[in-house]
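A.B. asks: Starting from the two chains in their separate frames, assemble the complex, guided by the hints.
Read top to bottom, the protein sequences are chains A and B. Reminder that position 194 of the first sequence reads as 193 in numbering that gives the first Met the number 0, one-by-one numbering, no gaps. Reminder that position 560 of the second sequence reads as 559 in numbering that gives the first Met the number 0, one-by-one numbering, no gaps.
I should point out that these hints are in silico values taken from the structure, not numbers from a laboratory. Each residue gets a CB set at the ideal place from its N, CA and C atoms; glycine is no exception. One or more hints might be untrue.
Ranges of calculated distance between the beta carbons of each label pair, as one might list FRET restraints [claimed, not checked]: (1) B/Lys560 <-> A/Asn55: 19 to 29 angstroms; (2) A/Thr187 <-> B/Leu29: 52 to 62 angstroms; (3) A/Met119 <-> B/Asp14: 48 to 58 angstroms; (4) A/Asp196 <-> B/His564: 51 to 61 angstroms; (5) A/Gly10 <-> B/Gly435: 27 to 37 angstroms.
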Amino acid sequence: MSQFVRFTIDGTECMAARGQYIVDAARENGIYIPTLCNYPGVKPKGSCRICTVRVNGRLMTACTTPIADGMAIENEIHDIVELRKSIVELLFVEGNHFCPGCEKSGNCELQALAYRFKIMVPRFPFQFPLRKIDASHPKIIKEQNRCILCKRCIRAIRDEKGRSIFAYRRRSNRVEVVVDPKLGKQLTDELAQKAMDVCPVGSILVKEKGFITPIGSRKYDHEAIGSDIENVQITKI
Amino acid sequence: MKTAVRKITERYGKDKTRLMDILIDTQTELGCIPREATLQIAEDLVMSEVDVDQTISFYHFFSQKPTGRYKIYLNNSVVANIMGMKEVVRTFQKELGIKFNEVTPDGLAGLYETSCIGMNDQEPAAIINNRIFTRLTPFRVKEMVRDMKEGKDIDDMFVADYGDGQNRSDLIKSVVSNNIRKIGPVLERNYKPGQAIEKIINMDPGDIIEEIKKSNIRGRGGAGFPTGLKWEFCRNAPGEKKYILCNADEGEPGTFKDRVILTELARLLFEGMVIAGYAVGATEGILYIRYEYKYLQQYLESILQTARETNYLGKNIQGRKGFDFDIRIQSGAGAYVCGEESALIESAEGKRGEPRDRPPFPVEKGYLDMPTVVNNVETLCAVVKVILNGGDWYKSFGTVESTGTKVLSISGDCKFPGVYEVEWGFSVNDILDMVGAAKEDVQAVQVGGPSGALISPDEFNRILGYEDLATGGSLIILSNERDILTDVVLNFTEFFIEESCGSCSTCRIVPTLLRNKLMKILNARGVKQDIDDMLEWGKILRASRCGLGQTAANPILSSLKNFRHLYEDKIQKNKEFDSGFDLNAALKEASKATGRVTII
Numbered sequence: 000m001s002q003f004v005r006f007t008i009d010g011t012e013c014m015a016a017r018g019q020y021i022v023d024a025a026r027e028n029g030i031y032i033p034t035l036c037n038y039p040g041v042k043p044k045g046s047c048r049i050c051t052v053r054v055n056g057r058l059m060t061a062c063t064t065p066i067a068d069g070m071a072i073e074n075e076i077h078d079i080v081e082l083r084k085s086i087v088e089l090l091f092v093e094g095n096h097f098c099p100g101c102e103k104s105g106n107c108e109l110q111a112l113a114y115r116f117k118i119m120v121p122r123f124p125f126q127f128p129l130r131k132i133d134a135s136h137p138k139i140i141k142e143q144n145r146c147i148l149c150k151r152c153i154r155a156i157r158d159e160k161g162r163s164i165f166a167y168r169r170r171s172n173r174v175e176v177v178v179d180p181k182l183g184k185q186l187t188d189e190l191a192q193k194a195m196d197v198c199p200v201g202s203i204l205v206k207e208k209g210f211i212t213p214i215g216s217r218k219y220d221h222e223a224i225g226s227d228i229e230n231v232q233i234t235k236i
Numbered sequence: 000m001k002t003a004v005r006k007i008t009e010r011y012g013k014d015k016t017r018l019m020d021i022l023i024d025t026q027t028e029l030g031c032i033p034r035e036a037t038l039q040i041a042e043d044l045v046m047s048e049v050d051v052d053q054t055i056s057f058y059h060f061f062s063q064k065p066t067g068r069y070k071i072y073l074n075n076s077v078v079a080n081i082m083g084m085k086e087v088v089r090t091f092q093k094e095l096g097i098k099f100n101e102v103t104p105d106g107l108a109g110l111y112e113t114s115c116i117g118m119n120d121q122e123p124a125a126i127i128n129n130r131i132f133t134r135l136t137p138f139r140v141k142e143m144v145r146d147m148k149e150g151k152d153i154d155d156m157f158v159a160d161y162g163d164g165q166n167r168s169d170l171i172k173s174v175v176s177n178n179i180r181k182i183g184p185v186l187e188r189n190y191k192p193g194q195a196i197e198k199i200i201n202m203d204p205g206d207i208i209e210e211i212k213k214s215n216i217r218g219r220g221g222a223g224f225p226t227g228l229k230w231e232f233c234r235n236a237p238g239e240k241k242y243i244l245c246n247a248d249e250g251e252p253g254t255f256k257d258r259v260i261l262t263e264l265a266r267l268l269f270e271g272m273v274i275a276g277y278a279v280g281a282t283e284g285i286l287y288i289r290y291e292y293k294y295l296q297q298y299l300e301s302i303l304q305t306a307r308e309t310n311y312l313g314k315n316i317q318g319r320k321g322f323d324f325d326i327r328i329q330s331g332a333g334a335y336v337c338g339e340e341s342a343l344i345e346s347a348e349g350k351r352g353e354p355r356d357r358p359p360f361p362v363e364k365g366y367l368d369m370p371t372v373v374n375n376v377e378t379l380c381a382v383v384k385v386i387l388n389g390g391d392w393y394k395s396f397g398t399v400e401s402t403g404t405k406v407l408s409i410s411g412d413c414k415f416p417g418v419y420e421v422e423w424g425f426s427v428n429d430i431l432d433m434v435g436a437a438k439e440d441v442q443a444v445q446v447g448g449p450s451g452a453l454i455s456p457d458e459f460n461r462i463l464g465y466e467d468l469a470t471g472g473s474l475i476i477l478s479n480e481r482d483i484l485t486d487v488v489l490n491f492t493e494f495f496i497e498e499s500c501g502s503c504s505t506c507r508i509v510p511t512l513l514r515n516k517l518m519k520i521l522n523a524r525g526v527k528q529d530i531d532d533m534l535e536w537g538k539i540l541r542a543s544r545c546g547l548g549q550t551a552a553n554p555i556l557s558s559l560k561n562f563r564h565l566y567e568d569k570i571q572k573n574k575e576f577d578s579g580f581d582l583n584a585a586l587k588e589a590s591k592a593t594g595r596v597t598i599i
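Just chain B, same shape as in the assembly (with noise of 0.2 angstroms):
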């Protein structure tokens, strides 16, 4: 083991800044990442065990303990309870004889749950092996079981034709869909790689920020920042290299855009990359990718490598002389916090992903402390479309506020969830006509994902933009038979205590505390103090470090501002005061082990 550890550390020069890439080969390696290699890692780095056990310990993908030939991860998020994954999850549980986060004795398979794993349309999804497999049933997770007790190689136990587009290619070959089912200016057929590229060795740097400046295009991961003012910032900056960083990590429940375009549109981003880098002034780019999308690397490594040899990448890019510049992948682990962009710098430097504080802001002081842009996989692709034909184009769709056009990911109660182009200011009605939802039938919108708002019927008619409602471009459908409390507003709160990094106290306690409270409502022990109290209690999220920690309440601050009257159903009217202490709950375990029934 040794050995084969040390091979991987010489791999990447141990060099501690690529921590993430050698745990990621010492586990494909190994199965998983035992003591024994921690201790190897940790020598050949010159760390401690602690520090790279802290690294290690922090991401969900990471495993320190055998997980089995085939490594089975559920996606628990809200629509692949709505799509039955519940009877998925009985069925996987039942053929193996095991519960999540065991192994089976024979070390076959092992079972674990994760969240939102970028396939809302196509749920109940999950990932074995790190290939991707959607639409599950009963009936198809025993054919697999049966597969996976024959021995089956994970690429032979795909029943179903591949997926459209570059899913059937053969570096990908995945039963994934893309759904694209409205396009517009970025998500367009017509485009032709690398003109952009030519037309900008001719221009001034400062000439492409105007433009994009121009344009008004504000970040699309949802935060909303102008891109022209952070290239600029970024350009101006002192640092002797500086660094484009592209936002793959898109984690936020119901989002799965970026999937789509990666899978067909990854020479648009890497061209938008190569822009953003020739803008600001520097010469490598890393495309920091969600550990769930590590089917689709093979071949985006493919695609940089031909980017490589036609000198789309790579020195004197084009001719223009002293333009260098090159995009390297990086894998995360999971972890949907590394979507915060001073986290995501954090994890691509081989470390906990915990945000940042700021100032310095990642264009002063990001990767390796030299000066930055993150950007959102979807402002990289519609840079390049800027370039090609003007800012004041790009602000002809859209609104004043919000220039341009969004790529939306729907999912949820509807008859065609997918992925939609559509120009800012749509209004939430729009949107469900457009996706086929029986408006009569729909109870709620989740807007943004749990970091979003939950908006009620009254609130369809508001638009989609910075203005109004902001949004990485995530919608999750709800109709009148989901119960918003139990599927929605538990699941979203359960999803923020497991995602939160843990360094504020404020997010790592809080969400706990909210998420008890709101059990004690469901379990019919709740009184009105326990509402006021959550409301109260969200409050102190506001002073976490990042969107995460800040946003971590609004699961059930959003839903007790539309959807009140479910929590006023189940408090008891006439109490003031429960305890919500259960006395034969906490006795159970005494009264077994004494084999006395406790009666009060």
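One chain only, chain A, in its complex shape (with noise of 0.2 angstroms):
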């Protein structure tokens, strides 16, 4: 079996190497599939659904399918950017999100990808929900206000002996990330500022501490998320 798969996306020729995630693969050729759920070194949930491409006429999630010789992958097509953008909309509406007066504005992928696709307003009607915001704990403040539940810190951050900090707790609409109350308290300064550079958005904040680099010198402030994927230059073999 050769070492590398040729698939392509939206018609264009491609080339990797086996035994990766199509997210990765688009990522080797130059082509950006927005992920927001995903985070490098940590294993792929698939639950904010904002990767799901075509693939032989199947939706699935880039993060979480692995290339294949042969694969016919659907990007950049009208329907399914739409259901992009809609996912995005759809945690715009489902927590708080604030952004002027959030420490993450900037450097927030949701807020990054809702520049991406040109959000002006969601098209579904906000929620307003009641979100608490934990701040027993000395080193983090968790914020559920913005919370998106993309489960990075769960899946990111454990203790030594495996144990989760980070959890969901109950299920469907009512479903939430908690942090442990024990184990919470415990959290090292590393594993506290690990945790608020995992999470996408404005939901885990490291304590005493804001707006070290200022709003106008933050990652998204000049440049689109994904464009650093889409301006390397590609040496096509």
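C.D. replies: This is how it looks when you write it as structure tokens:
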């Protein structure tokens, strides 16, 4: 079996190393597939559904589906782009997101995606849920209004015994990500910072630190999310 | 409490993957799972508190607060409501003086709602302390509450005779009726347990799979994957251990045929699991059974025990060297989504019942990451008959694309609700005749539960089969007096909201938005745009991971397709826009607090 696979994305011939997920294979070819719950080095979960692509007529998440020989992947197709845009809007109306007052503004992936999709106002009615802020832990604040339930923190942050520090609680539209009462209090500075960095939005914030990088100099203030992937020059063999 | 919990965790070898059993036993012992117990379990299993809590809080039947000595769960499904559940609810609330999700101040009883409990042919029904009460009436409720106040044992509260068949057996003693109304190759009475096992031990596993493939039997849970192929994939998948999981988590509202099979034909089912185990090279089987059917568990355990004693389970089965297979029962704890095969596996491993991403499929990486076959109860039963009579014989039933028979669960507005085994290819018209429905009075039939289709009389000539109306076998008949939008569509949509695992953004958010739109229309505030929005928004759900999410808009989309006039009758014709915002309702609380009346 060859080490490489050949496939197409929106008709463009691509090639990538076997055994990786579609989203990474696309990246190798300079093609950006938007993601949100996906995070480098963390087992993918496919919970936000933003990376949905159509493969041989079926909708699949690019972050969880391994690339295979001969796949015909549809990515920048009108209905799929619309679907992704809808999902970003859904996440906005589900919680309470007030970008101007948020420490993560400019570094927030949800916000960046909204800019990329040119969202002016969501098509869905705001739900204005009543959510709480958990400030009971010495190192971090868990701001539930902004949580998009992507599970990044759940998957990425564990203690040395492999125990969860963050976890889902309940189900349905009542589901929330909560912090373990005991382990949350023992969180090291390092893990607290990692948790904040892993969070795509401003739901996990390190206490007593803020706005170190000023607004205007942040990651997505000048460049659209995904442009780093798209701007890489790919040498075609 | 600590020692009690410790005993339980030790019973399961402090094994994390048995967390479901640990929690069930803890709740049985303590009445609920208080925080102190959670902490003890977490310590014993080397988990964090939130690790344990995420499983507890996922399942409907786990409680973290005391729930009363009598824990009353009332079914809120469509058919329960049709059959008079609302009056039953009112009576319970009045007699006990509490509302849903409350416990009487003296700790006597707690009252809860629950999704369909698989008793649609004998509604209104309730589960009280794991015992089933059917055909409730307000009068009966008063008697029951009086019994509770007198402190009667739950088993002494039955006033009617026990149901038919094994429902009368000492280990079940239940008032549930089987209502078997038509038998066929699966439900027939001449079945002699053990014959198929005696036959296969002299067969090559590959030949068994060939025979199953020849029969063309497809999964009876609803998805319809070819069973022979599934077994073959699992047999060929590398893995040091393989598993057979039987999906007895029938949670699709309106479905109850597996309950009847479990009650009357448990040996047939277990024989099917043994055959599957032999064919794919598995040594362990798990019957994953929904919590609602807990009242059958003792009986099922006794059947397994007999099978072990007679060497139809265990080591070197029937003298076949090296053929080892045993079965354990895994109870769920109340979650419809666990009927999805990968969610079922997650749950059987002690976790939240969240579906997995596929690939990998369970046949490659399933239970404990080992190759696993997950088959429906009915599929495993039918397999036994295929082995005994051959694939060609089986193919003589049904249609070319849908071979064999289907056991149907039929309920709603008809004379004879119950379980019917028919050949695939039966039309909806034939079924209505068969069950004694007054055809001129039938407004609609819900085929395949909420995730299926709501069809109108001009489609009653459609046939049941994978080529037309594919179904796990539930049909709910709705007469002209039913309000389709309120009684059916709203109820089903709320069902999907409640039963979502909450993991996919789409399935977690969209059904709620659709429900709100529907409510707006029902409140006479709807405009045409709302209908268009529902059609558009419903499409987003197709991007969800599992069948539950993908079909969560079906009640609305299917009724919009076949009963659009019901929506159009309710929207405002002369208006293009209505925010739906009710200022008076929004100010109500403030008006009350300030004592001022707001006049707009």
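A.B. asks: The structure should be examined with respect to each hint, and the outcome stated for every one.
C.D. replies: Against the structure, the hints:
no.: 1; hint: B/Lys560 <-> A/Asn55: 19 to 29 angstroms; in the structure: holds, 27 angstroms
no.: 2; hint: A/Thr187 <-> B/Leu29: 52 to 62 angstroms; in the structure: violated, 35 angstroms
no.: 3; hint: A/Met119 <-> B/Asp14: 48 to 58 angstroms; in the structure: holds, 53 angstroms
no.: 4; hint: A/Asp196 <-> B/His564: 51 to 61 angstroms; in the structure: holds, 54 angstroms
no.: 5; hint: A/Gly10 <-> B/Gly435: 27 to 37 angstroms; in the structure: violated, 58 angstroms
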